[in-house]
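Letter by letter, the chains look like this.
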Amino acid sequence: MKICVCVKRVPSTTTRVVVGADNQLDPTGVEFELNPYDEFAVEQALQVKEAAGEGSVTAISFGSADAKKELQKVLAMGADDAVLLQNAEAPHADGATTAKVLAEELQAAGAQLIFFGKQAVDRDQHGVGPAVATRLGMPCITEVVKFELQGDQVVCEREIEGGRETVTASLPCAITCQKGLNEPRFASLKGIMAAKKKPLEMKDVAIEGAAVELVSMSLPPERPAGRIIGEGADAVPALMEALKNEAKVL
Amino acid sequence: MTDILVVLETREGALRNASLEAVGAARAAADASGGGKVTALATEQADLDAAQLGGAGADAVLVADAGAHSPDGAAATAVRVAGELGVGAVFVSATVRGRDLLGRIAAGLDTGFAADCTAVDFAEGGFVFTRPVYAGKAQIQVKVNGPVAVASMRGNHFAPAGREASAEMGTTAAEGGKAQVTAIAGKSGGRPDVAEAARVVAGGRGLGSAENWHLLEALADALPGAGLGASRAVVDSGWRPHSEQVGQTGKTVSPELYIAAGISGAIQHLAGMSSSKVIVAINKDAEAPIFQHATYGIVGDVNEILPALTEAVKAAVE
Ligand SMILES: Cc1cc2nc3c(=O)[nH]c(=O)nc-3n(C[C@H](O)[C@H](O)[C@H](O)COP(=O)(O)OP(=O)(O)OC[C@H]3O[C@@H](n4cnc5c(N)ncnc54)[C@H](O)[C@@H]3O)c2cc1C
Ligand SMILES: Nc1ncnc2c1ncn2[C@@H]1O[C@H](COP(=O)(O)O)[C@@H](O)[C@H]1O
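Taken in sequence, the protein lines are chains A and B. Mapping of the first sequence onto our numbering: position 121 corresponds to residue 121, and the numbering continues sequentially without gaps. Mapping of the second sequence onto our numbering: position 74 corresponds to residue 74, and the numbering continues sequentially without gaps.
No wet-lab data here; the hints were simulated from the structure. Glycine is no exception: its CB is placed at the ideal position from the N, C-alpha and C atoms. One or more hints might be untrue.
According to the in silico footprint, chain B covers these stretches of chain A (three or more CB under 8 Å from chain B) [said to hold, decoys possible]:
id, stretch
1, 40 to 48
2, 104 to 112
3, 168 to 175
With a straight-line cut-off of 35 Å between C-alpha atoms, the simulated DSBU-like cross-links for lysine-lysine are [what the hints assert, rightly or not]:
id, chain 1, residue 1, chain 2, residue 2
4, A, Lys-100, A, Lys-248
5, A, Lys-179, B, Lys-284
6, B, Lys-284, A, Lys-244
7, A, Lys-248, B, Lys-178
8, A, Lys-198, A, Lys-68
9, B, Lys-37, A, Lys-179
10, B, Lys-37, A, Lys-244
11, A, Lys-203, B, Lys-137
12, B, Lys-178, A, Lys-179
13, A, Lys-179, B, Lys-277
14, A, Lys-100, B, Lys-37
15, B, Lys-277, A, Lys-203
16, B, Lys-178, A, Lys-100
17, B, Lys-277, A, Lys-248
18, B, Lys-137, A, Lys-244
19, B, Lys-143, B, Lys-284
20, A, Lys-146, B, Lys-178
21, A, Lys-69, B, Lys-37
22, B, Lys-137, A, Lys-69
23, A, Lys-244, A, Lys-68
24, B, Lys-314, A, Lys-248
25, A, Lys-2, A, Lys-196
26, B, Lys-277, B, Lys-143
27, B, Lys-37, A, Lys-146
28, A, Lys-244, B, Lys-178
29, B, Lys-277, A, Lys-68
30, B, Lys-314, A, Lys-100
31, B, Lys-143, A, Lys-68
32, B, Lys-178, A, Lys-203
33, A, Lys-100, A, Lys-244
34, A, Lys-196, B, Lys-178
35, A, Lys-100, B, Lys-284
36, A, Lys-49, A, Lys-248
37, A, Lys-248, A, Lys-68
38, B, Lys-178, A, Lys-49
39, B, Lys-137, A, Lys-68
40, A, Lys-197, A, Lys-244
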């Protein structure tokens, strides 16, 4: 079975955000890493292949040349090969544009299963997986915390507000992965050595315009300075007073 | 003048609150554009109230005849109806199901999308969406270049219009889908989900043990509409389920009132709750980072303060 997994290079979650002159994140001193949710996607892809005892896992990223590093990590975790769809503007491309580029590559790949993270922790869009699937005419099950393959039927569970739902579809199918699905493996030293010999294809891709235009980026409005009301249970009446008459939330 | 389609979320035929907020957002946006028609679409059979949806801001309601939720089916129905009505925008709520539809509807209409919007403005002939990025550490304003702007609205940022009006009710055909919801387990009624609750009572490792959670539950019971939240430390310890985790790897919440008890205020926790309107912190360590983000703080032991607060809240809401 042919399995693909889409991964993105993103700023580390501990990044302190400084807005640059171009309305983008100022990259000075920022560390980048594999999008954490994509690790769940890679792990699931590898588990499906291992359980089947055959097939291949291809990692695909639409990114700048730097994203080679994240693809190498995915190869070290166990993917068979990788494709970097290279464009210097890719890290800032909107979700719809990204989906178009990925769908074109995936169309040719003919994958039975495509794994995504539920969101990339830069723009937090939650949109690329379902958009790619729609372009490919495939079903997509999002924010999956439990995945099972029964023949050519995919049976997944996901948490929705106030409940848990079971969603089923048949192959080919796309999945977006939520925390809790699995425990991503670490790349072993052997894996890291092996990755160096695995194919990593670099392809230049063009993007025609943007589907979403960035007007501005700013830091969120500052919260008005708060105050410590007091110590211990004795402070409760003063807190109640503030909640009722000042903040007016009671 | 922009007409807007709002895709509603229903469960077992009942409308979700988040959808009324999305309808309110659409009403305000349509009005800002110089007045446009707001149509609300239920993609599966539902028992909807013309006065409730009209009051929230919808001019018309369409109910499709699907029996159960299919994510791709629902999106296909929305895409077809958006085309038939010729709307300039499609709004959904930024719930798990809504987020799922967002990218699909945009791809189906071959246009761009804006996720998790916290504000919608109208400028120079188009909508400008404000949305958080980098886990709320920054926000961006975006415009959709395509013919239709597709956007999801974050909870607790928009309100139903609150007008006296009745929406015109109609029906439409549902498109079939390849993915199908086959079961929903979980509570209906009871405590609201932390992501949707107007008030949140959240606990951290400072609670000391899973057994101590009755202190938070009692406070949540006393506060109308309160949901329970937890820090990751607590979820990782197995004290609470992941569905209650607030933060970067949990849920993003923005209630009116967020009470953080025994939570230190790590950056990853703040990522999930810093847009709450009022934050109350209870922590025995006066230097805990949470106090820098709290509207009000009390320094002290949760074992002593939570019961006192619960009693005071009970007395106040009676
Ligand atoms: C990639 C990544 C993602 C993460 N995602 C999340 C996330 O989504 N959500 C999240 O919450 N965390 C997340 N974390 C973890 C986060 O960094 C913190 O470790 C976690 O939030 C700490 O939880 P806590 O505040 O309950 O515990 P602690 O940091 O241990 O704080 C406990 C607090 O309780 C106080 N306390 C102790 N006893 C009492 C008492 N009797 N009365 C009053 N106060 C008391 C202490 O003073 C202390 O401030 C993430 C971390 C990483 C690296
Ligand atoms: N540039 C990209 N290259 C490869 N995969 C991507 C890219 N952007 C997003 N994805 C995938 O889509 C998921 C959701 O991203 P987003 O919709 O941006 O939150 C990510 O977790 C990745 O799996």
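Holds or violated: Lys-197(A) to Lys-244(A), with C-alpha atoms at most 35 Å apart:
66 Å, violated
Is Lys-2(A) close enough to Lys-196(A), meaning Cα to Cα at most 35 Å?
22 Å, holds
Would you check the hint for Lys-314(B) and Lys-100(A), treating anything up to 35 Å between C-alpha atoms as holding?
Violated, because 54 Å separates the two Cα atoms, which is more than 35 Å.
For Lys-198(A) and Lys-68(A), compute the direct alpha-carbon distance and say whether it is at most 35 Å.
OK: Lys-198(A) and Lys-68(A) at ~12 Å, within 35 Å.
Given the hint that Lys-37(B) pairs with Lys-179(A), does the C-alpha gap stay at or below 35 Å?
40 Å, violated
Below or equal to 35 Å on CA atoms is what counts here, so check Lys-49(A) against Lys-248(A).
Violated: Lys-49(A) and Lys-248(A) sit about 56 Å apart, past 35 Å.
Given the proposed pairing of Lys-277(B) with Lys-248(A), does the C-alpha separation stay at or below 35 Å?
11 Å, holds
Between the alpha carbons of Lys-244(A) and Lys-178(B), is the straight-line distance 35 Å or under?
With Cα atoms ~51 Å apart, Lys-244(A) and Lys-178(B) exceed 35 Å; violated.
Check whether the Cα positions of Lys-100(A) and Lys-284(B) lie no farther apart than 35 Å.
52 Å, violated
Could you grab the alpha-carbon distance between Lys-137(B) and Lys-68(A) and see if it respects the 35 Å cut-off?
The hint holds at about 27 Å.
Given hint Lys-137(B) paired with Lys-203(A) - CA-CA distance at most 35 Å:
33 Å, holds
Are at least 3 residues of the stretch 104 to 112 of chain A within less than 8 Å of chain B when you compare beta carbons?
violated (count 0)
The structure is inconsistent with the numbered hints 1, 2, 4, 7, 9, 10, 15, 19, 21, 23, 27, 28, 29, 30, 33, 34, 35, 36, 37, 40, although it conforms to all the rest.
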